[in-house]
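Visitor: If you're matching them up, the sequences are chains A and B in order. 1 is the number of the first residue of the first sequence in full-length UniProt numbering; add one for each residue after it. 1 is the number of the first residue of the second sequence in full-length UniProt numbering; add one for each residue after it.
Source of the hints: derived by calculation from the structure; they are not laboratory data. This structure is a prediction, so every number in the text was calculated from the model and none was measured. It is possible that some hints are incorrect.
Because identical chains cannot be distinguished in the list, a pair is counted as satisfied if it fits within a single copy or across any two copies.
Cut-off 20 Å, straight-line C-alpha distance, at most; resulting in silico cross-link-like pairs (SDA-like, lysine to any residue) [as the list claims (entries may be wrong)]:
no.: 1; residue 1: LYS196; residue 2: VAL26
no.: 2; residue 1: LYS196; residue 2: GLU249
no.: 3; residue 1: LYS166; residue 2: ARG127
no.: 4; residue 1: LYS264; residue 2: GLY291
no.: 5; residue 1: LYS305; residue 2: ARG85
no.: 6; residue 1: LYS190; residue 2: GLU248
no.: 7; residue 1: LYS190; residue 2: ASN169
no.: 8; residue 1: LYS346; residue 2: GLY285
no.: 9; residue 1: LYS138; residue 2: ARG362
Number of protein chains: 2
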Amino acid sequence: MTKMDQITGAQALPLNTILAGDCIDVMQSLPAESVDLIFADPPYNLQLRGDLRRPDNSRVDAVDDDWDRFQSFADYDRFTRDWLRAARRLLKPDGAIWVIGSYHNIFRVGAALQDEGYWILNDVVWRKSNPMPNFRGKRFTNAHETMIWASKSEGARYTFNYEALKSLNEGIQMRSDWVLPLCTGAERLKDENGEKAHPTQKPVALLHRVLVAATQVGDVVLDPFFGTGTTGAVARMLGRDWIGIEREERYRKVAEARIAEVRKFDKVALETARPKRAEPRVPFGQLVERGMLRPGETLVSPSGKSARVRADGTLVGLDITGSIHQVGAALEGAPSCNGWTYWHFKRDGQIVPIDILRQQIRAEMRDAGH
Amino acid sequence: MTKMDQITGAQALPLNTILAGDCIDVMQSLPAESVDLIFADPPYNLQLRGDLRRPDNSRVDAVDDDWDRFQSFADYDRFTRDWLRAARRLLKPDGAIWVIGSYHNIFRVGAALQDEGYWILNDVVWRKSNPMPNFRGKRFTNAHETMIWASKSEGARYTFNYEALKSLNEGIQMRSDWVLPLCTGAERLKDENGEKAHPTQKPVALLHRVLVAATQVGDVVLDPFFGTGTTGAVARMLGRDWIGIEREERYRKVAEARIAEVRKFDKVALETARPKRAEPRVPFGQLVERGMLRPGETLVSPSGKSARVRADGTLVGLDITGSIHQVGAALEGAPSCNGWTYWHFKRDGQIVPIDILRQQIRAEMRDAGH
DNA sequence: ATACTTCTTGAATCTTAGA
DNA sequence: CTCTAAGATTCAAGAAGTA
């Protein structure tokens, strides 16, 4: 039991371990609303001609022994809905899920997600820089896979580290299409015979981006189709806790050995750009109280509007009195206005946004905090 | 009656006309197994609430038309299954369908296609070179739409002009992700008020690629959600016959006028729509995601300055955090700095500029036919 | 005419803390 | 739960305007 469990009285979570067994059974045995993020790489259902098989090659029992395509899709749908429902139970209210798939299964997964009450936030295309070509020239090179990112429900306050992703993309907001290479070379895990240990090992770079985008340091990440444990390895690197579920012993062994060798990045490396909303709120009145602006002083806007500062931190414009935001919005005839960037004051012939003064106060607050 | 109808004795098809009415009713009135290809751009069921404003307070012109409103997913599914069934009846045995959509609807469409007996050949991603950004920083830029290409049934001998597509792609096999710009500028049709005639007009270049890939000269192409008739215009340019179905008179009028002006095999408009080829931008963050540089690792400059790499692709230097360019500029007291040549890392006792790693990634992308 | 800047716009499920 | 007010938030193209 962790310290936090003792404090909250929550049921113990088996953090940073691989649980053996069928993912639906195992998920049902875990405490509800305990997980921040689920990353799932379920079977793709590639072999529709024959049986539906799980990653461990076990056959999913069909309702009807007579093979029939509709029955196979129905079977896959039942499996999908079952694990998605069990997964949703585990998610905290503001938790989210990522599921990856190809055209063989992703449409059924997406529809099931919506039907189970998840709320899709984006579909993200992993565009492979080195896909397998189509050898027979009968179709387009299948050069991408699709991930669906969904919150537990509509209106949930899911985690999205917008600033961190923007940084990863050198200052431009991250798009829904990601160009990343396949998992090959030294990264590709081999078994004792030198064969690839798992047929569909996902690249570290993919999980890195997912976890940086959608989790905080210390969050709990669950992967119900753990395979060789890319999710766990990246979670550990990034200082997140993880739980893996995997039926097949040979995959669990490979994953365990692999994760044991992972070093966690240090604290400095894990800090990312703070979103502005996380900065402490500074009332405009403080600038007046501190004498950074004088009551009676005139503020101007880029569009040439002006207003005067009052001692209580309100502004007086033409026919309007109120907060810096309200007066800015009224003067522009706009529904809203960020007064901090809208209003400017004059010092030494320069016109400076008042946000500069807020930044000074915030810097002082940070220094005082140290 | 066309010459071909007389030869085959087939029921007359209203070729190269726009049929007024609900697409399900109209399709049911047409002869079975008479169409080679269907391209469908059905309503996406966007479920938009309220309005959305850009940071400059201008309002985004949303798709709020009645034709995109459905009561529920079940309602949308019923509509989808009905039109897909009617469409399938019209297809020749070796015919195929393309359906375009976004994450709002495409998963339901894909599942319905499979349930109705279509056989998915590829999902093709239209990567928009100039998508609308996410204004609130709450999600990834929704930068793509998805098309599903499916044959009428498994084992059908569908048309795929492999060599033509390879030529279109400068000799490299065409991939399942296509980079094309939105339909804007002179190509975007305007109504009598100068407003866009249709909220979701698709680009000519997109249909050009679809029809070159999946039809022969003389084939019959049907579009049950004709709108302003991009499918008809491109079909005519390419010497294919077309049939459009559209409920709204205002769209039919625009489409008719537009198609009347198209000359067969007039590719002038197409040539200009070719995507530009430029050296791809590689964000520094990708080196971190890919494990080429490790978070926490120290970079050095020729002048002896140093900084540490963080997991989000930013650097931490003395008193400064930011992109490789920003931190370099700050440490040098310079207005700007090319971080790619400024920063170096150590490998095997050597000091190497990070630009080497960028060149590696670009080489991979070139190999992939980016 | 040319170069440069500013404006407009695109299938969008687009806020949140605090009372 | 609802309501209010603070205040955070955009990329690429092409068109249109300006020097």
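Visitor: It remains to establish, for every hint, whether it holds in the given structure.
Guide: Verification of the hints:
For a Cα distance limit of 20 Å, the shortest separation of LYS196 from VAL26 qualifies neither inside one copy, at 27 Å, nor across copies, at 54 Å. Only within a single protomer do LYS196 and GLU249 lie at most 20 Å apart by alpha-carbon distance; the minimum there is 15 Å, versus 59 Å between protomers. When the C-alpha separation of LYS166 and ARG127 is checked against a cutoff of 20 Å, the pair qualifies both within a copy, at 19 Å, and between copies, at 19 Å. In the homo-oligomer, the alpha carbons of LYS264 and GLY291 lie at most 20 Å apart only across protomers (13 Å), although the nearest pairing inside one protomer, at 47 Å, exceeds that limit.
For a Cα distance limit of 20 Å, the shortest separation of LYS305 from ARG85 qualifies neither inside one copy, at 56 Å, nor across copies, at 53 Å. In this assembly of identical chains, the alpha carbons of LYS190 and GLU248 lie at most 20 Å apart only when taken from the same copy (16 Å versus 60 Å across copies). In this assembly of identical chains, the alpha carbons of LYS190 and ASN169 never lie at most 20 Å apart, being 31 Å within a copy and 36 Å across copies at closest. Taking CA atoms no more than 20 Å apart as the test, LYS346 paired with GLY285 passes inside one copy only; the shortest distance there is 18 Å, against 39 Å between copies.
In this homomeric assembly, LYS138 and ARG362 never come within 20 Å of each other (Cα to Cα): the closest approach is 30 Å inside a single copy and 25 Å across copies.
Hint compliance for this structure: hints 1, 5, 7, 9 are broken, all remaining hints hold.
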